[in-house]
Amino acid sequence: MRRSPGTLVATLLCALLAGLLPAAQATAAARPTAEDTTTAREAPTYHNPLTAGVVDTFPDPVMIRGKDGLWYAYGTQNPVFQSKGEDGERMLPILRSADMAHWEYAGEVFTPETKPAWHKGARLWAPDIRYVNGHYNLYYSVSSGNTVGVATAPTPTGPWTDQGAVLPSPSGCATGNIDQAQFTDEGGQPYLYWGSYDTICVAKMNGARTRIEGAVTEVAQGRRMEGGFVVRRGGHYYLFYSDAGCCDGAYSGYQVKVGRATSPTGPFVDDEGVPLTAATSKGGVALTANGNGWIGPGHNALQTDLSGQDWLVYHAISSDDPDLKPAAGGTLKLSKRPMLMDRLDWIDGWPVVRAGAGASQGAQRAPVASWAAGGTFNDGSLKGWHGGGGSGTEGWSVGHEQDAQGFVTPRGNPTGPASLVSDRSARRPGAPRRTCGSARPPARPDCWSATPARTMSWWRGWTGRATHW
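Following the numbering used here, the residues of the sequence shown are numbered contiguously, the last one being 469.
Hint data in this document are derived by calculation from the structure and do not stem from the laboratory. Here the structure is a predicted model, which means the values were calculated and not measured. Among the clues, some could well be false.
To be verified - With a cut-off of at most 27 angstroms between alpha-carbon atoms, the simulated BS3-like pairs for lysine-lysine come out as follows:
(1) K333 - K115
(2) K84 - K325
(3) K333 - K84
(4) K115 - K84
(5) K333 - K120
(6) K115 - K325
(7) K325 - K120
Stated by the list, open to error - Computed beta-carbon distance windows for the label pairs:
(8) K120 - A52: 33 to 41 angstroms
(9) Q364 - D423: 31 to 39 angstroms
(10) P170 - L332: 26 to 34 angstroms
Glycine residues also receive a C-beta, built at the ideal position from the N, C-alpha and C atoms.
With these hints in hand, go ahead and build the complete structure from the sequences.
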């Protein structure tokens, strides 16, 4: 998405990484908040599944960091409260978290009353969420229509406005027209990836990211291949996908694989150079069952924490509790697929979960979800801050929006990275006493990165790229 340097920016605060510590965990008793703090804390932990005690199941998860500094996750339509006696399904359920690790229920995209009429009797699957042109685009699969829909909202929880079908009929892709994922290249060109059982395709999108346009290209095929998700890293585009069947309970063979290319339209190859369009089995395994009780891990998304660490978000099936009770009056028989998350490592240019160890059990170190020093600017003040290089704050202004809450924006048109420096500090014993705050636009609030033992400042222009040193 093109952004001018004068674009409104939300606030992200950074510290010399030796002095960084995650913020306190949120509780489900109250809506989580991103609080000011200068108190050092021990690194928190989390356990899989993330959704334990919140919802019974959360298939096909995707995650985004909202402009309010909180994380939001979206899942496939399912009977998420079956253990509480609810027989029906929630349509694209939403969860919310302050730390990516501890979650609470935050509603659903559609209800029986707000579901668009063109869906008819469809179930809604596999959401994908992006921040586009000042609002959130929620893409979802429409089962009975074999197509993709999109709804927009000013905040991550709605209210949602239906924007109709993204794909024409026929779409130009050989097989299933579901399991979509939107991707915007660094030059601002948007794409949509979609497909299922057994082909994945890609096409360019219009500027609003609500319709595909132009040629449709097949980028992958394979046995029960689906759930494509693309990220760019270095000079390559990585296409994550799942194959071998998602939903056979204790017998599910689902796994996550990946291919890469130097263009968003391919050709993608696996880690042995086999084209993803070849009529043969593929390598590039990023996540598969490891015998510890988690079966069929797959349909992933990727999320990056505030330190720059990547995390794979996915669902899996417990071998001890693989199935839901028949729902919707006994007509639905579904596998129970809670949301899991694990560290994603990049080894020799290829992604793999926990260096190949697979899905985790027991306590894991949680993502870095907020800074130990800094501020939200919710009071509308720059008190306690000064410009980088010892300058004043005249070059900055403070504002407030419903979904962003407090934010700062640089005045004029900075030609390079711009930063604010806090008069406060938070540090471990022996750590340097220096903290900084930096400005960022709200377009992609989940893609900041950090480098150990370096002071960092960011200014993100229209390309959506981050600068750090």
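How the hints compare with the structure:
1. K333 - K115: 23 angstroms, holds
2. K84 - K325: 12 angstroms, holds
3. K333 - K84: 18 angstroms, holds
4. K115 - K84: 24 angstroms, holds
5. K333 - K120: The given pair, whose Cα atoms are some 21 angstroms apart, holds under the 27 angstroms limit.
6. K115 - K325: 25 angstroms, holds
7. K325 - K120: 25 angstroms, holds
8. K120 - A52: 33 to 41 angstroms: 34 angstroms, holds
9. Q364 - D423: 31 to 39 angstroms: 35 angstroms, holds
10. P170 - L332: 26 to 34 angstroms: 28 angstroms, holds
Checked against the numbered hints above, the structure violates none of them.
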